[in-house]
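K.L.:
Okay, here's what each chain looks like letter by letter:
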Amino acid sequence: MNDENITSATYVLDPEGNNFGITAIINGKTAGVPLDPANRHYAEIQKKVAAGELTIADAD
Amino acid sequence: MSKDKLTDYDSTTASNNTDVGGISVAEGMLPSGVNNSIRELTKQLGAFADGTDGIDVLSLADDDASHAIKLQAPSAVTADTTFTLPDGDGASGQTMITDGAGTLSWAAPYGNRNLIINPAMLVAQRGVSFSSNNSIDYTVDRWAIFSNGASTTTQESFAAGQTDVPNEPVKYLKWNISTYSSGDNLFQRVEDVRTGAGQAVTLSFYAKADSSITNRPRLIQNFGSGGSSEVVTVTSTNALTTSWQKFTITATLPSISGKTIGSSSYLELEALRFTDTFTGGVYIANVQLELSSTATDFEHPRSFGDELARCQRYYQEIGHYRHLAQGARWTTNQVFVTYNLASNMRATPSATATGVPNIARYDNGQQADATSLVAVNGIAENTTKAANVTIIWAAGYDPTASLHYVYSNTNGDLVALDAEL
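Here the protein sequences come in this chain order: W and A.
All residue numbers for the first sequence refer to the working numbering, where the first residue is 1 and numbers rise by one.
All residue numbers for the second sequence refer to the working numbering, where the first residue is 1 and numbers rise by one.
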């Protein structure tokens, strides 16, 4: 499988203080990633987190 | 006139048929004419049976002979043509096609048979030149390079009137490789791993290279997030040379019986993947992947608009230069802005900004530049129908007002929405 190059990920909060998205660096560019398993970037982030290759930082 | 074949006989007035191949069967005929005429008649039937002599019309009558289905040749035929029927019936919904040499077979009806989107490399929403280095990089629509080496990919134009690739294709893709790392490939993902599972699929494409190289395409059944492990089918090799050639590869994909299908499964075609290291340009055009054990002619051309709409299910761009969108305050440093999309997208997209959108309040001129964008999930009933993009701005902007507007002042600015597989 061809994998994405994702180097950082940080949660983004909604008005109630819940995580609703992730700001990630993908192939060197900042991208907003929804928490949708059908989104390939989110799926790849989850895979890297499970493999211990990436940690999603809490929102500032 | 001597009646030498079946079509010479009068089919309405028997008394007009007074000879068989010149042997008289008229009143007062010689006795020897009986057996000689029968022999002549059986010869004529034999000539009919083996196709030496034809008939005008083949009539297949209904049960009471009141009506018939009739088959006949055109009034003028320029050359003998023999059609050989397929051995047995086809599957439900199939149609009969010819191989161009008179052999007929059953096949899926033409139209929408190519599983590849943007097979002629026409649609290029992201641009026409791309660099790849240690990542997945999408190029012209739906086509991506996976590279651990370094390369550039460009959309190129065929010269009008060229005949190396037939039927006047407009574009092709050039993958110019500086460093090839084993496994680097040009790929496209076809939605749903059920596609072609347990069936024969045929890949065909035109390709050439700056120097000879062996290509070995692969087909990968990926069962999606939460699904079974992917299954790789390695196809046969094809030898690319410095001249355009058409390559055809048939493979049978494994059944998916017993597999678990997760979210966003797909069938991945790695159309270019080499067996050895390579430096230089590789060129590819008119790629077709179809559910068939034989290759049909390239499905050309689907209209540009049709192809673009197909591509926009996976990628589209919004918020271009001077586009003005309204937004509503969401948090102390966020508004969300809903953009109408050209078409529904496959999934909630990721959002990437080229340039920095500006944000301003309606009640005064206060402005700020956005710092990041997030495509929101779960706001609309179907978030694939509109992009609810949350704009996060830099500090120093007063969000008190509930209505804001977002715009771009720089040509080339846009927000890219990516729902690729």
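A hint or two may mislead.
Output of the computed footprint for chain A on chain W, the stretches with three or more beta carbons under 8 angstroms from beta carbons of chain A [unchecked claim]: (1) 15-25; (2) 29-38; (3) 49-57.
Derived CB-CB ranges, DEER-like [said to hold, decoys possible]: (4) 47(W) x 367(A): 35 to 41 angstroms; (5) 60(W) x 241(A): 28 to 34 angstroms; (6) 60(W) x 166(A): 57 to 63 angstroms; (7) 47(W) x 112(A): 30 to 36 angstroms; (8) 28(W) x 403(A): 30 to 36 angstroms; (9) 15(W) x 366(A): 50 to 56 angstroms; (10) 81(A) x 47(W): 31 to 37 angstroms; (11) 7(W) x 332(A): 51 to 57 angstroms; (12) 91(A) x 28(W): 44 to 50 angstroms; (13) 300(A) x 47(W): 14 to 20 angstroms; (14) 166(A) x 7(W): 44 to 50 angstroms.
Derived SDA-like pairs (lysine to any residue); straight-line CA-CA distance at most 20 angstroms [as the list claims (entries may be wrong)]: (15) 29(W) x 358(A); (16) 47(W) x 135(A); (17) 29(W) x 262(A); (18) 48(W) x 194(A); (19) 259(A) x 194(A); (20) 47(W) x 174(A); (21) 29(W) x 46(W); (22) 174(A) x 234(A); (23) 29(W) x 171(A); (24) 171(A) x 127(A); (25) 47(W) x 261(A); (26) 48(W) x 135(A).
For the record, the hints were derived by calculation from the structure and aren't laboratory data.
All C-beta atoms, glycine included, are put in the ideal place defined by N, C-alpha and C.
K.L.:
Decide, hint by hint, whether the structure agrees.
P.N.:
Here's how the hints hold up against the structure:
For the segment 15-25 of chain W, the assignment as covered by chain A holds, since 5 residues bring a beta-carbon within under 8 angstroms of that chain's beta-carbons and 3 suffice. Here's how the segment 29-38 of chain W fares: 10 of its residues keep a CB closer than 8 angstroms to some CB of chain A, so the rule of at least three is met and the hint holds. Judged by the Cβ-Cβ criterion of 8 angstroms, the segment 49-57 of chain W is not covered by chain A as claimed, because only 0 of its residues qualify and three are needed. Here the CB-CB span from residue 47(W) to residue 367(A) is close to 39 angstroms, well matched to the stated 35 to 41 angstroms.
Distance hint check for residue 60(W) and residue 241(A): the Cβ-Cβ separation is about 56 angstroms, which falls outside the suggested range of 28 to 34 angstroms. Taken as a hint, the range 57 to 63 angstroms holds for the pair residue 60(W) and residue 166(A), whose Cβ atoms sit roughly 58 angstroms apart. Separation of residue 47(W) from residue 112(A) is about 33 angstroms and conforms to the stated range, judged on CB atoms against 30 to 36 angstroms. Here the CB-CB span from residue 28(W) to residue 403(A) is close to 35 angstroms, well matched to the stated 30 to 36 angstroms.
Separated by about 21 angstroms at the C-beta atoms, residue 15(W) and residue 366(A) break the suggested range of 50 to 56 angstroms. Between residue 81(A) and residue 47(W) the beta carbon distance is about 58 angstroms. The supplied range of 31 to 37 angstroms is therefore violated. Checking the proposed 51 to 57 angstroms range against residue 7(W) and residue 332(A) shows it is violated: the Cβ atoms sit about 28 angstroms from each other. The given range of 44 to 50 angstroms is respected by residue 91(A) and residue 28(W), whose C-beta atoms sit roughly 49 angstroms from each other.
Range check, residue 300(A) to residue 47(W): about 38 angstroms between beta-carbon atoms, so the 14 to 20 angstroms window is missed. The given range of 44 to 50 angstroms is respected by residue 166(A) and residue 7(W), whose C-beta atoms sit roughly 45 angstroms from each other. For the suggested pair residue 29(W) and residue 358(A), the alpha carbons sit about 19 angstroms apart, so the restraint of at most 20 angstroms is met. Restraint check: the Cα-Cα separation between residue 47(W) and residue 135(A) comes to about 16 angstroms, which is no more than 20 angstroms; the hinted pair holds.
Among the hinted pairs, residue 29(W) with residue 262(A) is inconsistent with the structure: their alpha-carbon atoms are about 28 angstroms apart, more than 20 angstroms. A hinted pair counts as satisfied when its Cα atoms are at most 20 angstroms apart, and residue 48(W) with residue 194(A) does not qualify at roughly 26 angstroms. A threshold of 20 angstroms between alpha carbons decides the hint, and for residue 259(A) with residue 194(A) the separation of about 11 angstroms falls inside it, so the pair holds. Restraint check: the Cα-Cα separation between residue 47(W) and residue 174(A) comes to about 32 angstroms, which exceeds 20 angstroms; the hinted pair is violated.
Between residue 29(W) and residue 46(W) the CA atoms are separated by roughly 19 angstroms; this keeps the pair inside 20 angstroms, and the hint holds. A C-alpha spacing of about 23 angstroms is found between residue 174(A) and residue 234(A), which places the hinted pair above 20 angstroms, so the restraint is violated. In summary, the hint linking residue 29(W) to residue 171(A) is not supported, as the alpha carbons are separated by about 28 angstroms, beyond the 20 angstroms threshold. Distance restraint check for residue 171(A) and residue 127(A): the Cα-Cα separation of roughly 14 angstroms lies within the 20 angstroms cut-off, and the hinted pair is therefore satisfied.
For the hint pairing residue 47(W) with residue 261(A), the CA-to-CA distance comes to about 16 angstroms; that is within 20 angstroms, so the pair holds. A hinted pair counts as satisfied when its Cα atoms are at most 20 angstroms apart, and residue 48(W) with residue 135(A) qualifies at roughly 15 angstroms.
In the structure shown, a violation is registered for the earlier hints numbered 3, 5, 9, 10, 11, 13, 17, 18, 20, 22, 23, in ascending order.
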